[in-house]
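Asks: As a plain string of letters, each chain reads:
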Amino acid sequence: MTALLLDSVIKDFGDKRAVDDLSFAVRDGEVFGFLGGNGAGKTTSLRMVLDILRPSAGRIEVLGRAPGRENSPELGFLPEERGLYRTMSALDTITYFGRLKGMSKGDARREGRALLERFELGSSANTRIERLSKGMAQKVQLATAIVNAPRLLILDEPFSGLDPVNQGLLELEIQRLSKRGATIVFSTHVMQHAERLCDRLLLLAQGRKLFEGTQDEARATLPARLSLTARETPMGLPNVQAATATGTHDGWTEWDVQLAPGSDPGDLLQACTERGFALRRFEQNRPSLHDVFLHIVGGEERRA
Amino acid sequence: MTNPILLVAAREFRQIAATRSFWITLLIIPFALAIGPIASHFMRQSQTETIMVIDPSGRAAPAIAKRLDLDEQRRLLIELSRYSDSHDLDKADPSALWARHDRYYTDAEVEAFVRAGGVERAKHLMQRVAAPDTPPFEEPDPAYRIVPTPPPIAGASPAELARTLPALINPPKSQRDTEPLDYAIYVPADFAGGRAPVQMWSDGAPPGSLMGALQDTLTSVMRARFLEAHGLAAAAAETASRLAPLIAVNRPPPGKGQEQVAIRSILPLLVSYLLLMSLMLSGSWMLQGTVEERSNKLIETVLACISPDQLMYGKLVGTVAVGLTMIAFWVACAIGAAFASQGAIADILRPALAPLSQPSVALAMIYYFLAGYLMISMIFLTIGAMSDSFRDAQSYLSPVMLVVAMPFAIIAQAVLHDPSSLAVRIMSWIPIYTPFTMLARLGAGVPLWEVIGCGVTLAAFIAIEVVLLARVFRATLLSAGSKPNLARIARLMRGRETE
Numbered sequence: 001m002t003a004l005l006l007d008s009v010i011k012d013f014g015d016k017r018a019v020d021d022l023s024f025a026v027r028d029g030e031v032f033g034f035l036g037g038n039g040a041g042k043t044t045s046l047r048m049v050l051d052i053l054r055p056s057a058g059r060i061e062v063l064g065r066a067p068g069r070e071n072s073p074e075l076g077f078l079p080e081e082r083g084l085y086r087t088m089s090a091l092d093t094i095t096y097f098g099r100l101k102g103m104s105k106g107d108a109r110r111e112g113r114a115l116l117e118r119f120e121l122g123s124s125a126n127t128r129i130e131r132l133s134k135g136m137a138q139k140v141q142l143a144t145a146i147v148n149a150p151r152l153l154i155l156d157e158p159f160s161g162l163d164p165v166n167q168g169l170l171e172l173e174i175q176r177l178s179k180r181g182a183t184i185v186f187s188t189h190v191m192q193h194a195e196r197l198c199d200r201l202l203l204l205a206q207g208r209k210l211f212e213g214t215q216d217e218a219r220a221t222l223p224a225r226l227s228l229t230a231r232e233t234p235m236g237l238p239n240v241q242a243a244t245a246t247g248t249h250d251g252w253t254e255w256d257v258q259l260a261p262g263s264d265p266g267d268l269l270q271a272c273t274e275r276g277f278a279l280r281r282f283e284q285n286r287p288s289l290h291d292v293f294l295h296i297v298g299g300e301e302r303r304a
Numbered sequence: 001m002t003n004p005i006l007l008v009a010a011r012e013f014r015q016i017a018a019t020r021s022f023w024i025t026l027l028i029i030p031f032a033l034a035i036g037p038i039a040s041h042f043m044r045q046s047q048t049e050t051i052m053v054i055d056p057s058g059r060a061a062p063a064i065a066k067r068l069d070l071d072e073q074r075r076l077l078i079e080l081s082r083y084s085d086s087h088d089l090d091k092a093d094p095s096a097l098w099a100r101h102d103r104y105y106t107d108a109e110v111e112a113f114v115r116a117g118g119v120e121r122a123k124h125l126m127q128r129v130a131a132p133d134t135p136p137f138e139e140p141d142p143a144y145r146i147v148p149t150p151p152p153i154a155g156a157s158p159a160e161l162a163r164t165l166p167a168l169i170n171p172p173k174s175q176r177d178t179e180p181l182d183y184a185i186y187v188p189a190d191f192a193g194g195r196a197p198v199q200m201w202s203d204g205a206p207p208g209s210l211m212g213a214l215q216d217t218l219t220s221v222m223r224a225r226f227l228e229a230h231g232l233a234a235a236a237a238e239t240a241s242r243l244a245p246l247i248a249v250n251r252p253p254p255g256k257g258q259e260q261v262a263i264r265s266i267l268p269l270l271v272s273y274l275l276l277m278s279l280m281l282s283g284s285w286m287l288q289g290t291v292e293e294r295s296n297k298l299i300e301t302v303l304a305c306i307s308p309d310q311l312m313y314g315k316l317v318g319t320v321a322v323g324l325t326m327i328a329f330w331v332a333c334a335i336g337a338a339f340a341s342q343g344a345i346a347d348i349l350r351p352a353l354a355p356l357s358q359p360s361v362a363l364a365m366i367y368y369f370l371a372g373y374l375m376i377s378m379i380f381l382t383i384g385a386m387s388d389s390f391r392d393a394q395s396y397l398s399p400v401m402l403v404v405a406m407p408f409a410i411i412a413q414a415v416l417h418d419p420s421s422l423a424v425r426i427m428s429w430i431p432i433y434t435p436f437t438m439l440a441r442l443g444a445g446v447p448l449w450e451v452i453g454c455g456v457t458l459a460a461f462i463a464i465e466v467v468l469l470a471r472v473f474r475a476t477l478l479s480a481g482s483k484p485n486l487a488r489i490a491r492l493m494r495g496r497e498t499e
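Top line first, the protein sequences correspond to chains A and B. For the first sequence, the tail end lands on 304 under this note's numbering, and the numbers increase by one without skipping. For the second sequence, the tail end lands on 499 under this note's numbering, and the numbers increase by one without skipping.
Please keep in mind that the hints were generated in silico from the structure rather than gathered at the bench. Please read all numbers here as calculations on a predicted model, not as lab measurements. Among these hints, one or two may not hold up.
Stated by the list, open to error - Heads up, simulated DSSO-like pairs for lysine-lysine below, C-alpha to C-alpha not over 27 Å straight-line:
1) B/K297 / A/K105
2) B/K123 / B/K66
3) B/K297 / A/K16
4) B/K483 / B/K297
5) B/K297 / A/K134
6) B/K123 / B/K91
To be verified - Each pair of labels, with its calculated beta carbon distance range:
7) A/D12 / B/D388: 23 to 29 Å
8) A/S8 / B/F461: 39 to 45 Å
9) B/S295 / A/R59: 31 to 37 Å
10) A/G37 / B/I430: 52 to 58 Å
11) A/G298 / B/A463: 51 to 57 Å
12) B/V403 / A/G298: 54 to 60 Å
Backbone N, C-alpha and C define an ideal beta-carbon position, used for all residues, glycine too.
Isolated chain A (complex conformation) (with noise of 0.2 Å):
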C-alpha cells in the first residue's frame, strides 16, 4: 500500500515555481529520505502534504486519503524551524499537541509521560519549556510528533540544530518506528543521515525530482571507481572508462581506475583472470551518497 503518493504535483508562489511537477510514491513502512539543498522545494512539498499549503496543480494522497486536518490524529510532524511555548511545562505541552491530534486527555499524558521517561527527562515532566537546556527541548519537540504513534512521521530537516547525543536519539527513535511499522518520510541536506537511515530516496533541485530509487540505484548512477595495484595499465580491459597512475613501487605501479556508469567491477575482476593480468591489489571504492548528491545536482545546476 501506498502512504504517500504526490502525482503531478506544481505549487508557485507568485510568478516563482517552488514545485515542478513532482510525483513520487512512498510504501507503507518505509523509510523515505528527500534530499536537496537549501531552496529546493523540499519544505513546500512537505507543507502541502500536510495541508498547511495547498498546492497549484496535481494531487496528494496521505494515507489514502486527500490532505487535511482529519489526517492529524494518525500523522506527525517536526518542521524544521522547532519552538515550544515557554510558559508550558514539558509534559503539558507534549499533552497539548496529542490532544489537537484527536487523542484523549488521559492518554496524552500517559503516552508524553512514558516518552519523556525513555528520553530520560521524566524527571522534568512539570519543568517549564524556558527552564530546559537546548537539548532537553529538543527531545521534547521530538516526542510532540510522535506521541500519536503516527502511521506517518513527517521529519523536515530533522538533524539540523541537535547535538550530536540526540542526533543518535532521533535516529535510534526513527528506527524503533520503522520497526513499528510507521512510514517515515524525512528531509535532509546532510547525506550521512540518510545514508544510514534511507530505504528509499528522493533527490530534488529547485523543485524538481531529479532522481527516485533505493541507495544502490543511486550510487549505480555514478561510474564506480577501484584503485588496482598491476604491472601494466587497464587501459583497454573491458569498461574501464579512464585509468591514472598515482605511483610506482617494486616495477608495481598503483592505479585509480574509472569504470562506464552501470558496469559491475566484478565483471573487470573476472576479465583480468581470464585474461592473466597481473594484480596485487584489487580494491573497489564504493561512492558515497554525499558523491551521488554532487553528481546529479552538480550535473543539473550545471545545465540549468
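Using the hints provided, position chain B relative to the given structure of chain A.
Replies: Frame of chain A; chain B shown alone:
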C-alpha cells in the same frame, strides 16, 4: 475528542492567566474597593476639632457657642438635603427645608429647622417613606466641640495663659495620651473697649469658617456694648447688633433627579471603560502569545494539527474568555462591596448597579461588551499574525490604539454632559465606537430602535471584519521576511494574494 478551538482557547486562557500582570490587573479593583472604606474610616477619625474659650466676662463664650452650633446645624441641614435628594425622600415632607435643594439656608431658616425638631425629626419623617434598602442617614462628626475651661486656666492672667496654653495645644511627648486641644481663644473682659486684643492659640492656620464665626460673634458683642454705652436699652442694643439684610437666593428649579441620573450612568460608563482597559490588556497578552508562536517557529507545528481558522477562533474565544472573567470578577466584587459595606462606596455602587436589574439593559450591555471584545481582539490577532517581534507589532498597534482609544475621553465627557447629544448619537453608529458609546449611554436610556439598529450594524461590521482579517491572518501566519505594508494588507483582504 475535544474541539480543537476549545483546546486552543483553553491553552490561551491558561497562558494569560499564568502571567503576573493578569493577576495584578484582576486584583486592582477589589483592592481599590477594599481600601476605600478603610481610608475613609481613618479620615473620619479626627474630624472634630476642640476649642477652649477663656472668657472672664462670661458674655462672649455663650455667643460663640451659639454661633458654632448654628453653623453646625446648617451643615447638617445641607447633608440631610443631599441624602433626601439622592434617596428620593423629599416626599416625606415636601415643605421641609431639607426638601429644598441646592440653596443657602439663612440663620432664621436654620433656627426654624432646629425648632421643628432638627435632624431627629427629619430622620423620623424620612424613615417612613424610605425604601427598605435605603442606608440610614449618618450624621457627620461636628466640625467643632467646645471643651470646658479648667478653673486654673479660667482665672489665669494673660501672661500665665501665654505660658500654659501652648503646652495644651502642642503637648510634650510625655503627655501625648491626653487629647490635644486644637484652638484656645482668650477674650479679655474689656475687649469691647478695644484696649486688650482677643488672642488665639492654634497649632496651625485656623480655618476661615472658624475665624469668620469668631469675628462675627465678637463684632456683634462689641456693637451691642457700644450701643448700650450710648444709652440704648440692652435688649434693643442686642437686636441692633444682629441686624442683617435678608438675601433671597433665586435659582432656576433644579433638574429633577439630576444626581440620580449621574450616578446611574456611572456603571455603563464604568463598564465601557473596563471594556477598553481589559481589551487593551488581554488583547496585548494575546498578541504577545501570537508573536511568540511566530517568533518561536511554533506556528508550523500547530498548523500541522489544526487549521488556521481553528487556531484563529480558538485564540478569539480564549481572549474573550479572559476579558469576561475579569469583568465578571470585578462586577462580583462590586456587588459584594455594595451589599456588604456601608458608607460612600455602597451609596455610589448600589444605584450604579441598578440597571443590571433590568434584563433588557443587562442583555444589551452583555451583547455590546462581547461584540466590542470580538471586534478589537480580531484586530490584535491579525497584528500578531503579521509580526515577528513585539517591536514589529508596536508599529501596527500604535495607530490602532490611537484610533480606538483616543475618542474614549470625548465619549465619556459627552455622555456625562448629555447622553443623547447629536455627537454621541453619531458616534454610536460608527462601528468601532459603537460598543463603547452604547455601553456608556445605556444607563441613561437609549431608544430601542437605536439599540437594535446599532447592534445589527455592528454585527454586520464584525462579520465583514472577520472575513477580511481572517484572510490576512491565514496568509501572513507562515510568511517570513518584511512586514506587510498597507497596500499588501489591502491586497490580502481582497483575497488577491495568498502565501
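Asks: With reference to the structure, classify each hint as holding or not holding.
Replies: Quick rundown of the hints versus the structure:
| no. | hint | verdict |
| --- | --- | --- |
| 1 | B/K297 / A/K105 | holds, 25 Å |
| 2 | B/K123 / B/K66 | holds, 23 Å |
| 3 | B/K297 / A/K16 | holds, 24 Å |
| 4 | B/K483 / B/K297 | holds, 16 Å |
| 5 | B/K297 / A/K134 | holds, 15 Å |
| 6 | B/K123 / B/K91 | holds, 13 Å |
| 7 | A/D12 / B/D388: 23 to 29 Å | holds, 25 Å |
| 8 | A/S8 / B/F461: 39 to 45 Å | holds, 44 Å |
| 9 | B/S295 / A/R59: 31 to 37 Å | holds, 35 Å |
| 10 | A/G37 / B/I430: 52 to 58 Å | holds, 54 Å |
| 11 | A/G298 / B/A463: 51 to 57 Å | holds, 55 Å |
| 12 | B/V403 / A/G298: 54 to 60 Å | holds, 56 Å |
The structure agrees with every numbered hint stated previously.
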